[in-house]
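Line by line, the protein sequences are chains A and B.
Number 41 in our numbering belongs to position 41 of the first sequence; there are no gaps in the numbering.
Number 273 in our numbering belongs to position 273 of the second sequence; there are no gaps in the numbering.
Keep in mind the hints are simulated off the structure, nothing from the lab.
It is possible that part of the hints are untrue.
Across the chosen pairs, the derived CB separations fall in these ranges [what the hints assert, rightly or not]:
#1 Arg114/A with Phe181/B: 20 to 30 Å
#2 Leu132/B with Arg114/A: 44 to 54 Å
#3 Lys63/A with Pro236/B: 45 to 55 Å
#4 Leu165/B with Phe53/A: 22 to 32 Å
#5 Phe119/B with Lys68/A: 34 to 44 Å
#6 Thr33/A with Phe119/B: 36 to 46 Å
#7 Ile95/B with Thr33/A: 50 to 60 Å
Idealized CB from N, CA, C, for every residue including glycine.
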Amino acid sequence: MSRLLAVAALLLVPGWVEAHAFPDHSEPRVGHTLEASPPSVRIWFDGRIEPVFSTIRVEDAEKRRVDKGDSRVDPADGTLLEVGLPALASGRYRVFWSVVARDGHRTDGDFAFRVK
Amino acid sequence: MRGKSLLACVYVLASVLAASAPALAHGLIGKRFFPATLATDDPFVADELSLPTISYLKLRGTDEAPPTHQIDLSAEFSKRLSPDLGVSLSGTFTILDPDGGSAVSGFDNLEVAAKYVFFKSAAHELLLALGLSWDVGGTGSKKVDAESFDTWTPQLFFGKGFGDLPDQLELMKPFALTGAFGLAVPSRVHTKTFETDEDGNVDVKKPLNPTVFKWGGSIQYNLQYLQSYVRDVGLPAPINRMIPIVEFALETPLDGRNAGRTTGTVNPGIIWFGRYFQLGIEAVIPVNHDVSKNVGALAQIHFYLDDILPQVFTWTPFHGVLGPTQPQ
Numbered sequence: 001m002s003r004l005l006a007v008a009a010l011l012l013v014p015g016w017v018e019a020h021a022f023p024d025h026s027e028p029r030v031g032h033t034l035e036a037s038p039p040s041v042r043i044w045f046d047g048r049i050e051p052v053f054s055t056i057r058v059e060d061a062e063k064r065r066v067d068k069g070d071s072r073v074d075p076a077d078g079t080l081l082e083v084g085l086p087a088l089a090s091g092r093y094r095v096f097w098s099v100v101a102r103d104g105h106r107t108d109g110d111f112a113f114r115v116k
Numbered sequence: 001m002r003g004k005s006l007l008a009c010v011y012v013l014a015s016v017l018a019a020s021a022p023a024l025a026h027g028l029i030g031k032r033f034f035p036a037t038l039a040t041d042d043p044f045v046a047d048e049l050s051l052p053t054i055s056y057l058k059l060r061g062t063d064e065a066p067p068t069h070q071i072d073l074s075a076e077f078s079k080r081l082s083p084d085l086g087v088s089l090s091g092t093f094t095i096l097d098p099d100g101g102s103a104v105s106g107f108d109n110l111e112v113a114a115k116y117v118f119f120k121s122a123a124h125e126l127l128l129a130l131g132l133s134w135d136v137g138g139t140g141s142k143k144v145d146a147e148s149f150d151t152w153t154p155q156l157f158f159g160k161g162f163g164d165l166p167d168q169l170e171l172m173k174p175f176a177l178t179g180a181f182g183l184a185v186p187s188r189v190h191t192k193t194f195e196t197d198e199d200g201n202v203d204v205k206k207p208l209n210p211t212v213f214k215w216g217g218s219i220q221y222n223l224q225y226l227q228s229y230v231r232d233v234g235l236p237a238p239i240n241r242m243i244p245i246v247e248f249a250l251e252t253p254l255d256g257r258n259a260g261r262t263t264g265t266v267n268p269g270i271i272w273f274g275r276y277f278q279l280g281i282e283a284v285i286p287v288n289h290d291v292s293k294n295v296g297a298l299a300q301i302h303f304y305l306d307d308i309l310p311q312v313f314t315w316t317p318f319h320g321v322l323g324p325t326q327p328q
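Let the hints inform the model, and build the full structure from the sequences given.
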């Protein structure tokens, strides 16, 4: 029984292993419409991500890239991926992100937002 | 003799349920996460452990057998041998408690299975796989009527997410389907049994072991997919990691006196998934009264070994350390 408990404890101890990195929340919020152009797109993940291999880009409805190309992981918060934006015209935009968790596990995703 | 007949009837009903014993996997295709389902199998191969899976159902009484409470305690370990090939080993401890009678318990036969993913499309969140399971005859207890013969079940699996629907149907995108279709073929067509009555007369019986079409799957709505990829509707934790699901675990004998008569269950429930394990609970609703008139329950704790310790659990003989189950 003690061995079983030890294995269970080993499996459940948080923080010492890494796994899939999934988005927790973002600015702009997924699928929402904004009154004005946002200064950046920021996505918070549920775990720390690798700065070198984590990217984000924003495209307009014609699939033209519109972000500033300064995608980065926040040095003060290893779960935050962000990219700057110029002033966006009204329309629909799509954010594409790709991150690598600290164990080398890649996760990709995308979502849309609108600017009025 | 009557006691044996009673138990035999109970065991026939129990074996119908045991035929849908869980064999599970989880995985990612594109940005779609599929959880391990509780009552049916899905198309993924992974390094994982279901421990325990607990099911309860009160079996219907018959003219010869009283209503019986059945509790199954199951475990399954799955291991990838390559990115697309996996094997699994599962076992079930069964407790049968007839009303007004004495409970019996024991292990059912071990089940060994292999699965190969032969088609993947990340853009369409589609996965197809072939599998073969082997119910190893004689490894279980006769007390719970574990068969003395082998049963081989070739299977076809699919998983399909609907993230490729047009944006006008965006709230449908979190939906996904899984399916599993198999043919359970017993290695022995008839099982010969001998019964002796009070006068010493020996009765020889040779009941048919039918070939059974096993079919089922799930329809699921992934709230994490909704929240992260479609529309942030402000769901708080832990709801934002929940997947409402309805599973179907059905089977239809193709020969014998019950040929063409489908039995099984429909299981509505909820799965919550974290980074290292998932929890699931479902109601078990029989599709007809052949097996039970009552609603049962099914619950599971499922560990993602490939995420917990990828350097240990994802070692493979020919492909080295695979790491966690990778999105494609």
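Going through the hints against the structure:
{"no.": "1", "hint": "Arg114/A with Phe181/B: 20 to 30 Å", "verdict": "42 Å, violated"}
{"no.": "2", "hint": "Leu132/B with Arg114/A: 44 to 54 Å", "verdict": "49 Å, holds"}
{"no.": "3", "hint": "Lys63/A with Pro236/B: 45 to 55 Å", "verdict": "34 Å, violated"}
{"no.": "4", "hint": "Leu165/B with Phe53/A: 22 to 32 Å", "verdict": "30 Å, holds"}
{"no.": "5", "hint": "Phe119/B with Lys68/A: 34 to 44 Å", "verdict": "39 Å, holds"}
{"no.": "6", "hint": "Thr33/A with Phe119/B: 36 to 46 Å", "verdict": "38 Å, holds"}
{"no.": "7", "hint": "Ile95/B with Thr33/A: 50 to 60 Å", "verdict": "56 Å, holds"}
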